[in-house]
Amino acid sequence: MPSPEAVPIHVDGGAGQAVAASTLFPPRAPGVPLQAWIRQSLVRAIVAGTLGQGQRMPATRSLARSLGIGRNTVTAAYEELVSLGYLDARERLGFFVARPAPPADRHVPSGVHGPTRQPAWDRHLKTVPSQMRHITKPHDWQSYRYPFIYGQVDRALFPVDRWRACSRDALGRSAIDFWAPDRAVEDDPMLVDQLCRHVLPQRGIFVRPEEVMVTLGSQEGIYILSQLLLGPGSTVAMEDPGYPDARNIFAAQRARVMGLPVDGEGLRLDAGAEAVLAQASLLFVTPAHQCPTMVSLSDDRRARLLSLADASNFLIVEDDYEGELRSHDTPPALRSIDHTGRVIYVGTMSKVLSPGVRIGYVVAAPRLIAEARAMRRLMHRSAPMNNQRTVALLLANGHYQGMVRAMRQTLTERRRVAAECVATHLPDFGPGQSLGGTGLWLTCPPDVDANSLISSAARRSVLMETGDPFVAAELNGRYIRLGISAIPTGLIAPGIGEIARAVNDLRAG
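Going by the working numbering, the sequence shown wraps up at 1100, each residue one higher than the last.
Just so you know, not all the hints are guaranteed correct.
[To be verified] 25 Å max Cα-Cα, derived SDA-like pairs, lysine to any residue: (1) 728 with 1097; (2) 717 with 839; (3) 728 with 621; (4) 717 with 819; (5) 728 with 1067; (6) 728 with 842; (7) 728 with 957; (8) 728 with 1039; (9) 717 with 843; (10) 728 with 718; (11) 717 with 822; (12) 717 with 825.
If you are wondering where the hints come from, they were derived from the structure by calculation, not from laboratory data.
Could you build the full structure based on these sequences and the hints that come with them?
Given below as structure tokens:
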């Protein structure tokens, strides 16, 4: 596209000040259609006052020539702005700005322009979640050549065309008639049915629709359950290391959070753990792929855990956050072998589709699901129904299941490559015994600080994540989580090679 030239803008038919088209039209972002770019740029200029009410717009032919685009594109954008009330079309005269820019202080009541005393927020805030240790991800992670980041997806694996087709079907008139009204506590029955028929049975879970609630990702499910099942003084047990925001959610309820150690067979059930569980009302556990070590809870410990829950009368929240991406020898869900109803199952579709889709689900007894729906109603009523219908169609058409198979194959190969490269280039870093999932958990040798290594590797365009937030105690940089879901398979080996060179740099001082 050529550099935009100066485009004259006229007011009331007289010659106005010449304004460069480049002033009105910032660079077009990738993927934004030309017509949308023109429309958005002009709306921004009108709202900002760069184009004032009554000003005559450049002729469509002139603007098209300045921007190096077709005249029809400019005409269509102008006509859309007329329908939206931003421009007026005057026969034989052209297009004019119809809407004045809002005054800069229109939302400021009179008399409050002077100095005022600000609230003492430290006194008002009863909880300060920003101070809790949590996982952070850079917004520019895609700019790294070697993004070993967890929880993001490789865009090449996302079925764009199939998602678009299902989204289009979800926007059909009959579908809109269903999801447009306020459904209060309801979920899309089509999605719930598809979960019961196609997703949950893959994990050995067979339930009725009244035992399922759709959530905005698994984390919302955990939050709602904490609201219902915990209170000040409640004791909740969880793995250590474990999922940081589960710990933070429980702490926000003023619950007493007790960490239980993890080894190569998952949650350790020694005498100390049993003593903690005897006091607990709730256990949060990730048995399929322990978060973050990726080990799987052994069959013997699964049976023992269910026996302890029955004997000590505590509930279990099972977070099966990567259940569908398991390898073929990963055991079924803990919920599938629970015959007492004590295991509350939490799942998500974000690891397969995308974190931005934000569709998860909770499986529990009908009484608990009814209360969970009522609690969700107090928060936001339901997950967006149009998104629910799109995901339901993705499942009904078999697209989701195909995506799971493709991702499982891809991740199996990536895990193999990553494990071999770690063994070769980082032999003194202990990876977790991963049976599946989308990452490796590395323990740094005593002479390597994890956070220093992460900073050094970043200068080589390698992105890794610190393990500090997962550990309850301050351990000063012992662990690294190496995600493999977002990095192409062919970049894993050279990326780990760069990590090895960063280690050598640190050791050389």
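Query raised in the report: Is the Cα-Cα distance between residue 728 and residue 957 25 Å or less?
Result: It is violated: about 37 Å lies between the C-alpha atoms, which goes past 25 Å.
Query raised in the report: Under the criterion that the straight-line Cα-Cα distance not exceed 25 Å, is the pair residue 728, residue 1067 satisfied?
Result: Satisfied, since the Cα-Cα distance of roughly 19 Å is no more than 25 Å.
Requested in this report: Would you mind confirming whether the straight-line C-alpha gap from residue 728 to residue 842 stays at or under 25 Å?
Outcome: 22 Å, holds
Report task. Would you check the hint for residue 717 and residue 822, treating anything up to 25 Å between C-alpha atoms as holding? Result -> 15 Å, holds
Requested in this report: With a cut-off of 25 Å on the C-alpha distance, tell me whether residue 728 and residue 621 pass.
Outcome: Holds. Residue 728 to residue 621 sits at ~22 Å (cutoff 25 Å).
Requested in this report: For the pair we were handed, residue 717 and residue 819, check the Cα-Cα distance against 25 Å.
Outcome: 20 Å, holds
Query raised in the report: Within 25 Å, alpha carbon to alpha carbon, are residue 717 and residue 843?
Result: With Cα atoms ~10 Å apart, residue 717 and residue 843 stay inside 25 Å; holds.
Query raised in the report: Is it true that the CA of residue 717 sits at most 25 Å from the CA of residue 839?
Result: Since the Cα atoms of residue 717 and residue 839 sit roughly 14 Å apart, the hinted pair holds (cutoff 25 Å).
Query raised in the report: Going straight from one Cα to the other, do residue 728 and residue 1039 come out at no more than 25 Å?
Result: With Cα atoms ~22 Å apart, residue 728 and residue 1039 stay inside 25 Å; holds.
Query raised in the report: Within a Cα-Cα threshold of 25 Å, do residue 728 and residue 1097 meet the stated pairing?
Result: Distance ~24 Å between residue 728 and residue 1097 Cα, so the pair holds.
Query raised in the report: Keeping to a limit of 25 Å between CA atoms, is the pair of residue 728 and residue 718 held or broken?
Result: 23 Å, holds
**Report entry** Pairwise hint evaluation, residue 825 against residue 717, where the allowed Cα distance is 25 Å at most
**Finding:** 18 Å, holds
Consistency note: the structure conflicts with earlier hint 7 alone.
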